[in-house]
Amino acid sequence: MQVDELLAIVTNELDERKAENISTIDVIGKTSFTDYMVIATGTSERHIKALCNYVAVALKAKGVIPRGTEGAQGSEWVLMDLGDVILHVMTAQTREFYQLEKLWSVENLHDDELSYDE
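Residue 1 is where the sequence shown starts when you use this note's numbering, and the numbers rise one by one after that.
Quick caveat, the hints were computed from the structure, so don't treat them as lab data. You may find that some hints are simply not true.
[What the hints assert, rightly or not] The calculated EDC-like cross-link candidates involving lysine to aspartate or glutamate, where the alpha carbons are at most 20 Å apart (straight line), are:
1) K30 - D84
2) K49 - E13
3) K30 - D81
4) K60 - D81
5) K60 - D4
6) K60 - D84
7) K102 - E20
8) K49 - E16
9) K62 - D15
10) K18 - E76
11) K62 - D84
12) K102 - D26
13) K60 - E70
14) K60 - E13
15) K60 - E5
16) K62 - E16
17) K49 - E96
18) K18 - E96
19) K49 - D15
20) K49 - E70
21) K62 - E5
22) K49 - E20
23) K60 - D15
24) K60 - E16
25) K30 - D4
26) K62 - E13
27) K62 - D81
Build the full structure now, drawing on both the sequences and the hints.
What follows is the structure, given as structure tokens:
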């Protein structure tokens, strides 16, 4: 499955199931383990679990099985490894605390741009 189609299925399913603040971050060139991260907010632990289950079912119907899921039982943050896409679904409080968008949106700096002088 092409990454664009994978992203579309994930974001559409999250949107239809009332996930909040869905964002997609292009991390190509920033990490070697994935190309995109999708981050969404669920309203409760139950909502987060349901969102991830709906995404998994929609992908399974297309022949895509998640490589792994972390934090599914009673968690404020569930991560699904979909290969070219990593899905993070979390509560608003957890999302605010970790600020993944800010972390992964930092532009790449080349070694010659780094300054260690204070």
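Worksheet item: Straight-line Cα separation of K60 and E70 no greater than 20 Å?
Response: holds, 18 Å
Worksheet item: Taking only the CA atoms, is the gap from K60 to E5 under or equal to 20 Å?
Response: Within the cut-off at roughly 13 Å; holds.
Fill in: Hinted pair K60 and E16, Cα distance within 20 Å
holds, 17 Å
Worksheet item: Between K30 and D4, is the straight-line Cα distance small enough, at 20 Å or below?
Response: Distance ~19 Å between K30 and D4 Cα, so the pair holds.
Item to complete: Given the hint that K62 pairs with E5, test it: the Cα-Cα distance must not exceed 20 Å.
Response: This hinted pair holds, its Cα atoms lying about 10 Å apart.
Worksheet item: Regarding the pair K62 and D15, is the alpha-carbon distance no greater than 20 Å?
Response: Roughly 18 Å separates the two Cα atoms, so the pair holds.
Discussion item. Need the status of pair K60, D84: alpha-carbon distance at most 20 Å?
Written reply: Holds, at about 16 Å.
Worksheet item: Are K49 and E16 close enough, with their CA atoms no more than 20 Å apart?
Response: holds, 15 Å
Worksheet item: Holds or violated: are the alpha carbons of K60 and D81 at most 20 Å from each other?
Response: Holds: K60 and D81 sit about 14 Å apart, inside 20 Å.
Worksheet item: For the pair supplied as a hint, K49 and E70, is the alpha-carbon distance within the 20 Å limit?
Response: holds, 11 Å
Item to complete: Mind checking the alpha carbons of K49 and E20 for me, to see if they're no more than 20 Å apart?
Response: holds, 14 Å
Worksheet item: Given the hinted pair K30 and D81, is their alpha-carbon gap at most 20 Å?
Response: Holds. K30 to D81 sits at ~17 Å (cutoff 20 Å).
Consistency with the previously given hints is maintained throughout, with no hint failing.
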